[in-house]
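Listed below are the residues making up each chain.
There are 2 protein chains.
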Amino acid sequence: MVYPKSLENLINYYKKLPGIGEKNAERLALATLNFKEEDIDNFAASLEDVKNKIHKCKICGHLTEWEICDICKDESRDHNLICVIEDYKSVFSFEKAGNYRGVYHVLNGLISPADNIGPDNINLASLVKRVEQAEKPELILALKSTVEGETTTLYIKKIFENKDVVISRLSYGIPMGAEIDYLDIITLDKALEDRKKISE
Amino acid sequence: MVYPKSLENLINYYKKLPGIGEKNAERLALATLNFKEEDIDNFAASLEDVKNKIHKCKICGHLTEWEICDICKDESRDHNLICVIEDYKSVFSFEKAGNYRGVYHVLNGLISPADNIGPDNINLASLVKRVEQAEKPELILALKSTVEGETTTLYIKKIFENKDVVISRLSYGIPMGAEIDYLDIITLDKALEDRKKISE
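Chains A and B are the protein sequences, given in the same order.
Sequence positions in the first sequence follow numbering that gives the first Met the number 0 and run 0 to 199.
Sequence positions in the second sequence follow numbering that gives the first Met the number 0 and run 0 to 199.
Worth flagging that the hints you see were computed from the coordinates, not collected in a lab.
Everything numeric in this text was worked out from a predicted model, so none of it was measured.
Some hints could be false.
If chains are identical, the list can't say which one is meant, so a pair holds when it fits in one copy or spans any two.
[Said to hold, decoys possible] The list that follows gives simulated cross-link-like pairs (lysine-lysine, DSBU-like), each with its CA atoms no further than 35 Å apart:
1) 135 / 4
2) 50 / 196
3) 128 / 196
4) 162 / 128
5) 196 / 22
6) 156 / 15
7) 50 / 4
Isolated chain A (complex conformation):
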């Protein structure tokens, strides 16, 4: 064994992280040796904290340290406007973008018959309840454009058919700043189809 046992252990845990290979894990572990004692203590404590303190918001399913997340608690936000997303990572993306002032509903998955994930396996029942309790509900479906995303979008659309709910989905098109000649043809087709008139 080349490394002392505790160092070897640390290397193995760094290796479990996405995109961290053998060489990189070694580098991170050796760098950790140079951390201040206090920093190592806090680093270890923050790992335990993340495990012990973080769970799902009772209302929207997003990650929080409380019973109800800060977004659901925020009275300045529009609670009739609910953005439906696949997982909590999308919440962080929207919040960083910073312009959305509604709330979220985290499905924690998408309908995928191939993986045995049906409508009952994702966080849909509580969405129905939320919509029923809202005054003028509006849903924004922000699910990815894969088969599973489209299936889930259609399923949700069907649930609220004939009910007084405005439903929209994110627009498809060219990412801002992207080179048009590097775009995949499906996106390009979609952008063409959904083209927006700009003349009067």
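Starting from the known structure of chain A, arrange chain B on it as the hints suggest.
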């Protein structure tokens, strides 16, 4: 604040690691959320272990969990052949290359007047002692080919001038200015094999 506090903390600690930027740290922290409870406990424990258990070998200055490191303890190795290196990372590289059967002496630095690091600031006194106590001492100076490395090599050569010590340095197989611990093992083996005697 976009992230729950404990998650934000973890992101900040990942960001302290070399080569891990904001975006990557977020990715690692979110991936950590999906670790098994047991893995998080062990990950945190391994951080503390590295801090608490690892210190320098009393003989060679290499990292170990014991008073004397496994290499210095190993009686099958040639204790007259001492490879002098800048830091412990080089030991790991040599040990991975796997052909060196002598022992090491970790200087923990190089002479660098510009940084106010003189001969007394690196682990040289104990090297002199080790050489004096050895039967037929042979030193291999495996320091990088920078000004500091060359200065230190010359200084050590001078210390043992007119003493019964064979001194060699690694051959010029080392790319100029490269860090020894990032060398590929074949180059490292070659440099070890072609080491060049510099004492009379």
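Verification of the hints:
no.	hint	verdict
1	135 / 4	between (60 Å within a copy, 33 Å between copies)
2	50 / 196	neither (39 Å within a copy, 57 Å between copies)
3	128 / 196	within (21 Å within a copy, 82 Å between copies)
4	162 / 128	within (13 Å within a copy, 88 Å between copies)
5	196 / 22	between (50 Å within a copy, 33 Å between copies)
6	156 / 15	neither (39 Å within a copy, 45 Å between copies)
7	50 / 4	both (25 Å within a copy, 12 Å between copies)
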